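Asker: Sequence:
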Amino acid sequence: LVRDDAAWPEMPPPGLAKSGVARASGPVATSPQPQLDTSYECVVDRHGNVFSATPSDVSSSTPVIPGTGLCASSRGSQSWADPSLPGSVAPGKRPRLTPSPALALGPDGRAIPFGTPGGDVQAQAMLQTLLNRIVFGMDPQAAIEAPRFATYSFPDSFEPHSILPGRLMLESRLPQTLADRLASVGHDVQWWPDWTWKAGAICMIDSDPVSGLHHAGADPRRSTYALGW
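All you need for our numbering is the position in the sequence shown, starting with 1, plus 1.
No wet-lab data here; the hints were simulated from the structure. Since the model is a prediction, treat every value here as computed from it, not as a measurement. Ideal Cβ placement from N, Cα and C applies to all residues, glycine included. Be aware that one or more of the hints could be misleading.
[Unchecked claim] The following label-pair restraints were derived from C-beta to C-beta distances:
#1 Pro148 - Gly187: 18 to 24 Å
#2 Gln177 - Gly68: 55 to 61 Å
#3 Ala184 - Val51: 38 to 44 Å
#4 Arg47 - Thr178: 18 to 24 Å
#5 Ala82 - Leu165: 18 to 24 Å
#6 Ala91 - Leu165: 41 to 47 Å
#7 Pro84 - Phe155: 18 to 24 Å
#8 Val44 - Asp140: 33 to 39 Å
#9 Val90 - Gln142: 17 to 23 Å
[Unchecked claim] Listed next, the in silico EDC-like pairs over lysine to aspartate or glutamate satisfying Cα-Cα at most 20 Å (straight line):
#10 Lys199 - Asp157
#11 Lys94 - Asp195
#12 Lys94 - Glu160
#13 Lys94 - Asp157
#14 Lys199 - Glu42
#15 Lys199 - Asp189
#16 Lys199 - Glu146
#17 Lys199 - Glu172
#18 Lys94 - Asp140
#19 Lys199 - Asp83
#20 Lys94 - Asp109
#21 Lys94 - Asp58
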């Protein structure tokens with residue numbers, strides 16, 4: 002369905018490592034079998050085009066429709082069976098989805114594509130990282146590596162929409178004094194291990210319109226990469 006020569010007219014034929022192509026010429030054996038799940042990628046090219054996407058629908062739970070090469074979306078699992086709710090299953094409706102690829106635009110014209118896998122943690126991890134970058138002045142990598150927290154005190158987006166009242170997860174690099182203060186005002190504070198994959202896997206590019214430089218960061222909590230060429 003995708004013609005490499007049209008989609009990537011500047012790329013040499015696949016499999017020619019000497020030409021700088023980073024695609025394998027054949028299947029690569031992996032062990033153990035990688036887990037299929039949501040991913041995220043962002044790209045900024047030399048023309049200033051910006052791309053931000055969180056592929057997820059066909060990651061693991063949907064079959065290919067015979068004769069089409071297409072997969073049906075599995076996002077109905079994020080709908081509700083209760084007809085009184087806005088996200089209920091009904092004609093013409095769609096559920097509130099968790100994939101949240103973002104593109105922030107700065108007052109100086111800079112573009113910052115960023116995102117992560119992670120279900121309901123996505124928006125929480127993304128907001129914390131963006132604030133680290135914009136408000137607290139961290140570079141993209143430092144903004145990504147800073148310790149995170151996430152609340153589970155709301156209905157989960159996926160059926161059966163479970164809820165953990167007051168639950169607040171903290172990465173263990175955060176201080177115990179902070180956890181104690183949060184607990185004192187009613188939060189059910191629990192600890193994540195450091196660098197847990199459950200806290201998301203942010204990737205971010207910050208494009209400086211003055212210098213023309215692209216500053217990128219990738220999250221060590223999962224297998225992520227920042228590449229430039």
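Asker: Could you run down the list of hints and mark each one as holding or not?
Answerer: Hints, one by one, checked against the model:
In this structure, Pro148 and Gly187 meet the distance hint of 18 to 24 Å, their C-beta atoms being roughly 22 Å apart. Between Gln177 and Gly68 the beta carbon distance is about 59 Å. The supplied range of 55 to 61 Å therefore holds. The beta-carbon spacing between Ala184 and Val51, approximately 41 Å, falls within the hinted interval of 38 to 44 Å. For the hinted restraint 18 to 24 Å between Arg47 and Thr178, the CB-CB distance of approximately 47 Å leaves it violated.
Separated by about 21 Å at the C-beta atoms, Ala82 and Leu165 satisfy the suggested range of 18 to 24 Å. The hint said 41 to 47 Å for the Cβ distance between Ala91 and Leu165, and at roughly 28 Å that hint is violated. About 20 Å separates the C-beta atoms of Pro84 and Phe155, a value consistent with the hinted range of 18 to 24 Å. The hinted range of 33 to 39 Å is not satisfied by Val44 and Asp140, whose Cβ atoms lie roughly 19 Å apart.
Between Val90 and Gln142 the Cβ separation comes to about 42 Å, which falls outside the hinted range of 17 to 23 Å. In summary, the hint linking Lys199 to Asp157 is supported, as the alpha carbons are separated by about 14 Å, within the 20 Å threshold. As the CA atoms of Lys94 and Asp195 are separated by approximately 39 Å, the hinted pair breaks the 20 Å bound. Proximity of Lys94 to Glu160 is assessed by CA-CA distance (about 17 Å); at most 20 Å being required, the pair is judged to hold.
Taking the CA atoms of Lys94 and Asp157, the gap is near 19 Å; set against the 20 Å cutoff, the hint holds. Between the alpha carbons of Lys199 and Glu42 the distance comes to roughly 18 Å, so the proposed pair stays at or under 20 Å and holds. The hinted pair formed by Lys199 and Asp189 meets the criterion: a straight-line CA distance of about 18 Å does not exceed 20 Å. Taken as a hint, the Lys199 and Glu146 pair is honoured in the structure, with Cα atoms around 14 Å apart against an allowance of 20 Å.
Restraint check for Lys199 and Glu172: satisfied, since their Cα atoms lie roughly 10 Å apart, inside the 20 Å limit. With a C-alpha separation of about 40 Å, the suggested pair Lys94 and Asp140 falls outside the 20 Å cut-off, and the hint is violated. Distance check on the hinted pair: Lys199 and Asp83 sit about 29 Å apart at the alpha-carbon level, beyond 20 Å; violated. The straight-line distance between the Cα atoms of Lys94 and Asp109 is roughly 38 Å, outside the 20 Å bound, and the hint therefore fails.
Simply put, Lys94 and Asp58 have alpha-carbon atoms about 17 Å apart, close enough for the 20 Å limit, and the pair holds.
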